[in-house]
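**Student:** Sequence:
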Amino acid sequence: METGILLKGIGGFYYVQVGDTIYECKARGLFRKQGRKPVAGDQVNISVTGEETASLDEILPRKNVLTRPPVANLDRLFLVTSVCDPVPNVLVLDKMIAVAEDHGIDPVVVMTKADLGDITPWRQVYGKTGLTFVEVSSVTGQGILEMKSLLKGKISAFSGNSGVGKSTLLNAIGEGYDLPTGEISQKLGRGRHTTRQVELFPLSGGGYVADTPGFSTVDMERYDMVKKDQLQYAFREFAPYLGQCKFPSCSHIREKGCAVLAAVQQGEIAPSRHQSYAAMYEEVKEVKEWQKRV
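621 is the number that my numbering gives to position 195 of the sequence shown; each next residue is one higher, with no gaps.
No lab work stands behind these hints: they were computed from the structure. Check before you lean on any hint, since a few could be wrong.
[Claimed, not checked] Within a straight-line C-alpha distance of at most 16 Å, the following computed EDC-like cross-link-like pairs (lysine to aspartate or glutamate) qualify:
id, residue 1, residue 2
1, 489, 544
2, 574, 561
3, 463, 483
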């Protein structure tokens with residue numbers, strides 16, 4: 427029995443890295459009976475059956491899993507947005523941060539094109555959150571070393587709309603979405619399948635980046651929606667004020683005696699962050715549990 431990390435699953439085969447070897451595995455029928463499916467990022471136990479073949483026997487406990495894109499055990503989610511062309515969509519950014527927080531994934535806000543605009547207002551907003559905020563320019567090299575440090579030894583994914591410079595950023599980091607060797611690329615079936623699946627790429631400095639085709643905010647809203655009762659905990663700057671409101675059931679929207687609202691008025695919490703919270707609360711307050719997985 428060997429323990430490894432699942433890099434990709436496609437066409438009924440699963441590719442598991444153990445040390446320097448990648449095994450092509452077939453999953454036991456047991457998973458189908460249990461209604462479970464291995465996904466990229468899973469730590470798994472395999473039984474080696476040949477030189478580079480094995481059976482996938484067990485999915486080890488996950489610390490988190492996203493439904494769409496299907497990926498498990500993420501340490502960090504890099505939310506890539508640009509200071510201009512296009513300008514950031516604050517609500518979308520805050521929704522993605524909240525989903526990451528709710529899943530126990532460390533969100534990192536990455537502001538690209540730092541050489542083209544004033545990042546100060548964004549730094550002021552997200553500097554108050556306690557989140558890691560990285561200013562990046564692929565032209566000047568600003569922030570690239572910090573990005574490499576944050577990626578090292580972690581399982582990470584990147585999310586960002588087209589035009590924000592996500593691919594340029596990955597190329598500047600020196601990794602891109604290219605596998606390190608042609609042998610691994612061939613092993614993972616590049617060119618044999620047209621369907622794009624989530625795939626983990628080993629990084630030269632240690633760790634993995636998940637290629638998440640179709641990483642959609644819409645999908646995350648639909649399948650990984652933060653529950654109403656948990657939403658306040660998905661805004662980490664609210665933490666010092668929770669439990670201090672006049673009413674125990676305070677929604678932090680408009681109640682008198684709300685400690686969160688007082689913090690907003692005193693400049694401790696950015697108004698735009700509270701506006702995002704209020705918008706998300708209105709969206710989820712009437713949603714029934716069954717509607718979140720349709």
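**Student:** Each hint should be assessed against the structure and marked as holding or not.
**Tutor:** Going through the hints against the structure:
Among the hinted pairs, residue 489 with residue 544 is inconsistent with the structure: their alpha-carbon atoms are about 37 Å apart, more than 16 Å. A hinted pair counts as satisfied when its Cα atoms are at most 16 Å apart, and residue 574 with residue 561 qualifies at roughly 13 Å. Annotation: proposed proximity of residue 463 to residue 483 holds, straight-line Cα distance about 12 Å (limit 16 Å).
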